[in-house]
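Make the full structure from the sequences, and use the hints.
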Amino acid sequence: MMQSRSSVEQGSVKGSKQNLMIGVGLRHAHFQEALANPAALDFVEVHSENFFGNGGAARAVLLEVAEHYPVSLHSTAMGLGSECAIPEAYLLSLWQLIESVSPVLVSDHAAFTWGEFNANPVHAGDLLPLAYNAQTVELMAGNIRRFQHSINRRLLVENVSTYLAPAGSTLSEPEFLTAVVNETGCGLLVDLNNIVVNARNSGTNDVLGYARAWLDKIPAEHVGELHLAGYSDVKEGDLVIDDHARPVSEEVWLLYAHALQRFGAVPTLIEWDNELPTWQVLVSEADKARSLAQEVLTHAE
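Quick note: to get the numbering used here, add 2 to the position in the sequence shown (first position is 1).
A couple of the hints might just be wrong.
Per label pair, the in silico range of CB-to-CB distance [unchecked claim]:
#, residue 1, residue 2, range
1, N56, H260, 40 to 48 Å
2, D235, Q263, 25 to 33 Å
3, A133, S293, 17 to 25 Å
Bear in mind the hints are in silico, worked out from the structure with no lab data behind them. Note that the coordinates shown come from a computational prediction; the quantities given were computed from them, not determined experimentally. Every residue gets a Cβ at the ideal spot worked out from N, C-alpha and C, and that includes glycine.
And the structure:
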């Protein structure tokens, strides 16, 4: 059995502004500057799969980064909602990376990615949406339990943006995620931009009302991280895409204030994956998040 040398505390993640953690998603284009010009960041987050395999230049750079910043590992390929089990080779690679980096957080998505072809696992190459029902809760819970038991880490599960609704849903997304938490004891990574994107694409006239109601339906004590990002309009007034290619939207900043009031000082990350800005611009987004969080949490004390 794979057993990590550290585990994430299972208790409440609420806190005051004194233990607020603000970070950024660190992509390869920013590695050199992040090392040459260390910023006042509490952590950085990387995509786990980019650093699988022992040795090599990528792992060496990540270990150097870990000497300057606490690291969060954000996975995209575990396939927690897949009918077939997480491949053993994938779990082993992730465990080895966790042992190497000692991350402060480990996360993946409420999506399916794995299927089978000729009895072999095949990866879909994307985060595909789930039907929210009791059967899928059990499927996902089984995969989460396997991860948490094998690696001895609490996993954070992220809500995803969806552009079509699979048939067979009998639960709302908050109800589904709450059921998964109750079954496994996992935590939640709440992506505020994904909630806003889904609200915009639902056609609602009250995006913030939709999004705040979503937050109010999930168990606050299990929220372990927040993601903030921007979206793009494919066609104005028609469809928005969760592409992480823009600054954090005004809607997400407003929703972040509500999340802070409800969840407290949860670790918060700025995601920017496409059309990358300069390192300074990315850090300035993190500074904005810190200022807003300190203001909201001060008023809440």
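Structure-based check of each hint:
1. N56 to H260: 40 to 48 Å: Cβ of N56 to Cβ of H260: about 43 Å, so the range 40 to 48 Å holds.
2. D235 to Q263: 25 to 33 Å: Holds, since D235 and Q263 (Cβ atoms, about 29 Å apart) stay within the stated range.
3. A133 to S293: 17 to 25 Å: violated (40 Å)
The structure is inconsistent with hint 3 alone, although it conforms to all the rest.
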